[in-house]
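Asks: Protein chains in written order, with the working numbering: chain A, 75 to 312; chain B, 75 to 312.
Derived by calculation from the structure, the hints in this document are not laboratory data.
Predicted model only: the values in this text are computed from it and were never measured.
Hints may contain errors.
If several chains are the same, the list does not tell them apart, and a pair holds so long as it fits within one copy or across any two.
Dumping the calculated DMTMM-like pairs for lysine to aspartate or glutamate here, alpha-carbon to alpha-carbon at most 25 angstroms [stated by the list, open to error]:
1) Lys139 x Glu305
2) Lys122 x Glu198
3) Lys206 x Glu170
4) Lys232 x Glu114
5) Lys311 x Glu226
6) Lys307 x Asp178
7) Lys105 x Glu209
8) Lys278 x Glu209
9) Lys307 x Asp193
10) Lys307 x Asp118
11) Lys190 x Asp256
12) Lys311 x Glu209
13) Lys224 x Asp118
14) Lys190 x Glu114
15) Lys98 x Glu112
16) Lys307 x Glu198
2 protein chains.
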Amino acid sequence: MVYSNQILRLINEMNITYENLSSKIDNAILKPNMKVSEIEAFCDQSVKYQFASVAVNSGFASIAKYFTKKSSTKLCCAIGFPLGLTSVFCKAVEIEDAINSGADELDFVINIGRLKSHDYFYIENEIKELVKAAEGKTTKLIIETCYLNKNEKINICKCALNTGVDFIKTSTGFGKNGATVDDVRLIKSIVKNYCKVKAAGGIKNLKDTLILIRNGADRIGTNSGVKIMDEFKKMIKT
Amino acid sequence: MVYSNQILRLINEMNITYENLSSKIDNAILKPNMKVSEIEAFCDQSVKYQFASVAVNSGFASIAKYFTKKSSTKLCCAIGFPLGLTSVFCKAVEIEDAINSGADELDFVINIGRLKSHDYFYIENEIKELVKAAEGKTTKLIIETCYLNKNEKINICKCALNTGVDFIKTSTGFGKNGATVDDVRLIKSIVKNYCKVKAAGGIKNLKDTLILIRNGADRIGTNSGVKIMDEFKKMIKT
Numbered sequence: 075m076v077y078s079n080q081i082l083r084l085i086n087e088m089n090i091t092y093e094n095l096s097s098k099i100d101n102a103i104l105k106p107n108m109k110v111s112e113i114e115a116f117c118d119q120s121v122k123y124q125f126a127s128v129a130v131n132s133g134f135a136s137i138a139k140y141f142t143k144k145s146s147t148k149l150c151c152a153i154g155f156p157l158g159l160t161s162v163f164c165k166a167v168e169i170e171d172a173i174n175s176g177a178d179e180l181d182f183v184i185n186i187g188r189l190k191s192h193d194y195f196y197i198e199n200e201i202k203e204l205v206k207a208a209e210g211k212t213t214k215l216i217i218e219t220c221y222l223n224k225n226e227k228i229n230i231c232k233c234a235l236n237t238g239v240d241f242i243k244t245s246t247g248f249g250k251n252g253a254t255v256d257d258v259r260l261i262k263s264i265v266k267n268y269c270k271v272k273a274a275g276g277i278k279n280l281k282d283t284l285i286l287i288r289n290g291a292d293r294i295g296t297n298s299g300v301k302i303m304d305e306f307k308k309m310i311k312t
Numbered sequence: 075m076v077y078s079n080q081i082l083r084l085i086n087e088m089n090i091t092y093e094n095l096s097s098k099i100d101n102a103i104l105k106p107n108m109k110v111s112e113i114e115a116f117c118d119q120s121v122k123y124q125f126a127s128v129a130v131n132s133g134f135a136s137i138a139k140y141f142t143k144k145s146s147t148k149l150c151c152a153i154g155f156p157l158g159l160t161s162v163f164c165k166a167v168e169i170e171d172a173i174n175s176g177a178d179e180l181d182f183v184i185n186i187g188r189l190k191s192h193d194y195f196y197i198e199n200e201i202k203e204l205v206k207a208a209e210g211k212t213t214k215l216i217i218e219t220c221y222l223n224k225n226e227k228i229n230i231c232k233c234a235l236n237t238g239v240d241f242i243k244t245s246t247g248f249g250k251n252g253a254t255v256d257d258v259r260l261i262k263s264i265v266k267n268y269c270k271v272k273a274a275g276g277i278k279n280l281k282d283t284l285i286l287i288r289n290g291a292d293r294i295g296t297n298s299g300v301k302i303m304d305e306f307k308k309m310i311k312t
C-alpha cells in the first residue's frame with residue numbers, strides 16, 4: 075500500500091498518461107535464444123501497447139519491420155551488440171544493413187576497450203562515422219556505464235556532444251549492471267538538452283521507470299514494457 | 075594430493091607434453107572492458123606460451139596480429155559474437171574484415187534464434203555462406219549448447235557436416251553455461267573425424283582441460299590458458 079501510494083504520487087506529480095509513458099519505452103527482445111515466433115509475438119504486442127519502438131538484434135530487423143511498418147511504433151536495432159568490439163567499418167555496414175531492412179532507430183555500442191584506454195580520438199571518430207552511416211535516422215550511443223569510472227562517463231558524454239548523436243544510453247543489459255539513477259543524473263547534467271538520455275538494463279517495474287524518467291531519462295529500454303504498462307493501467311484504475 | 079595424482083595419471087595415460095597441450099589451446103580475451111594495453115600484453119604472453127591461437131573480438135584483429143605475425147600462434151577472431159544475431163551478410167562482411175586485418179581462424183556464432191525455430195535451411199545456408207566468406211581459413215561454428223536440447227544439438231551437428239566447417243565449438247562463454255563433457259561426447263559421436271570439436275566456456279583449470287580433451291575435444295577455448303599451462307609445468311616437475 076505504501077508502494078502503491080508512492081507510485082500514484084509520482085504519476086500525479088509527473089502528469090503521466092498512458093500515451094506519454096508508452097511513448098517513452100523501447101520494448102526490447104535481445105536475448106539470443108528467442109524463436110522467430112516469439113520475436114513476432116513480441117513485436118505484435120509492442121505495437122498494440124504503442125511503445126516508442128520495439129528493439130531487436132539487427133539480424134531480425136526485417137522480421138520485426140513486418141509488424142511495425144503500419145504503426146507508430148518504430149523499429150530499433152541493436153548494433154555491435156552487446157560487446158561493441160567489431161570494427162567501425164563493420165558497425166557502419168551493420169547500420170546500413172539494418173536501415174535497408176527497415177530500421178528507424180540505431181542503438182550502437184561504443185568500443186568500450188578504446189574508451190577504457192582513453193582513446194577519445196578513436197571514440198569521437200567512431201561515433202561520427204556511425205551517425206553518418208545512420209543517414210539521419212535516430213541514433214543512440216550505448217556507453218555501458220557499469221565498466222566506466224566517473225571521469226570516463228563525463229568524457230564520453232562530452233565527446234558525444236561533438237557528434238550529432240541523438241541519445242546517450244546507459245547500458246546494454248548484458249553488462250554486470252544496468253541503469254542507475256545516479257548515472258542518468260550525471261549524464262543529464264553534462265548533455266543537458268543537447269542530447270537525450272536513454273536508461274536501459276535491469277528496468278523491470280513501473281516505479282523504477284518513473285524514477286528514472288523523473289531524473290532525466292527521455293527513453294526507457296526494457297524487456298518488461300508490457301508488465302510496466304499493465305502495472306500503470308492497474309494503478310490509475312485504483 | 076588425490077587431485078594431483080588424478081591429474082598426473084591423466085597426463086601419463088594421454089601422453090601429454092607441453093607442446094601438444096599448448097597447441098590445443100585458443101587463449102581468449104573477449105570481455106568488453108579490456109584496455110588496448112591489456113589486449114597487447116595478453117597477445118604477447120599467448121605467443122610466449124605457444125598457444126594454438128589467441129582469440130580476440132574482430133575489432134581488435136589488427137592490434138592482435140602485430141603480436142602473432144612472427145610466431146606459430148594463430149590469430150583467431152570471434153564473429154557475430156556473442157549473440158549470433160547479426161545478418162548472414164553482416165557476419166560475412168565481418169569475416170572478410172577480420173581476414174583483411176590478419177585473422178587466421180574465424181569462430182562464428184550461429185543464429186541461435188533460427189536454430190531454436192528449427193529453421194535448418196537457414197542454418198545450413200548461413201554456415202555455408204560463412205565458410206565461403208572465410209576463403210579457406212579455419213572456421214569454427216559456435217552452437218551455444220546451453221540453449222539447445224539434445225535433438226537440436228544432434229541436428230546442428232548433422233547440418234554442419236554438409237558445410238565444410240572445420241570445427242564445432244560448444245559455447246561462447248557468454249551464455250548461461252559453458253562446455254560440458256556430455257556435450258563434447260555427443261558432438262564427437264556425430265561428427266566423428268569429419269569435423270573437429272572445440273570445447274569452450276568456463277574452462278579454468280588443467281583437470282577440466284584434460285578431461286575434455288580425453289572425451290573428444292581437439293581444441294580448448296579458455297581465458298585461463300596461462301594458468302592451465304603453469305599448472306601443467308608445476309605438475310610434471312613434481
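Asks: Up to 25 angstroms between alpha-carbons, please classify Lys278 paired with Glu209: within, between, both or neither.
Replies: Neither: 33 angstroms inside a chain and 45 angstroms across chains, both beyond 25 angstroms.
Asks: With identical chains, the pair Lys307 and Asp178 could be close in the same copy or across copies; at 25 angstroms between alpha carbons, which is it: within, between, both, or neither?
Replies: For Lys307 and Asp178, neither the intra-copy (28 angstroms) nor the inter-copy (55 angstroms) Cα distance is at most 25 angstroms.
Asks: Checking Lys224 and Asp118: alpha-carbon separation at most 25 angstroms within a copy, between copies, both or neither?
Replies: Neither. Shortest intra-copy (39 angstroms) and inter-copy (31 angstroms) distances fail the 25 angstroms Cα cut-off.
Asks: Is it within, between, both, or neither for Lys307 and Asp118, if the alpha carbons may be no more than 25 angstroms apart?
Replies: within (19 angstroms within a copy, 58 angstroms between copies)
Asks: How would you label the pair Lys98, Glu112 (within, between, both, or neither) given a Cα cut-off of 25 angstroms?
Replies: within (23 angstroms within a copy, 39 angstroms between copies)
Asks: At most 25 angstroms between CA atoms: does that hold for Lys307 and Glu198 within a copy, between copies, both, or neither?
Replies: neither (42 angstroms within a copy, 45 angstroms between copies)
Asks: Within, between, both or neither: how does the pair Lys139, Glu305 come out at a Cα-Cα threshold of 25 angstroms?
Replies: Neither, since 27 angstroms and 52 angstroms both go past 25 angstroms.
Asks: Pop the pair Lys122 and Glu198 into one bin, within, between, both or neither, using alpha-carbon distances up to 25 angstroms.
Replies: This pair counts as neither: shortest intra-copy Cα distance 38 angstroms, inter-copy 35 angstroms.
Asks: How do Lys190 and Asp256 come out at 25 angstroms by Cα distance, when the copy is not named: within, between, both, or neither?
Replies: within (20 angstroms within a copy, 39 angstroms between copies)
Asks: Pop the pair Lys311 and Glu209 into one bin, within, between, both or neither, using alpha-carbon distances up to 25 angstroms.
Replies: neither (43 angstroms within a copy, 62 angstroms between copies)
Asks: Classify it for me, Lys311 with Glu226: is the Cα-Cα distance of at most 25 angstroms met within a copy, between copies, both or neither?
Replies: Classified as neither: same-chain Cα gap 44 angstroms, cross-chain 46 angstroms, threshold 25 angstroms.
Asks: My question is about Lys232 and Glu114: at a cut-off of 25 angstroms on alpha-carbon distance, are they close within one copy, between copies, both, or neither?
Replies: neither (38 angstroms within a copy, 28 angstroms between copies)
When held up to the earlier numbered hints, the structure conflicts with 1, 2, 4, 5, 6, 7, 8, 9, 12, 13, 16 and fits the remainder.
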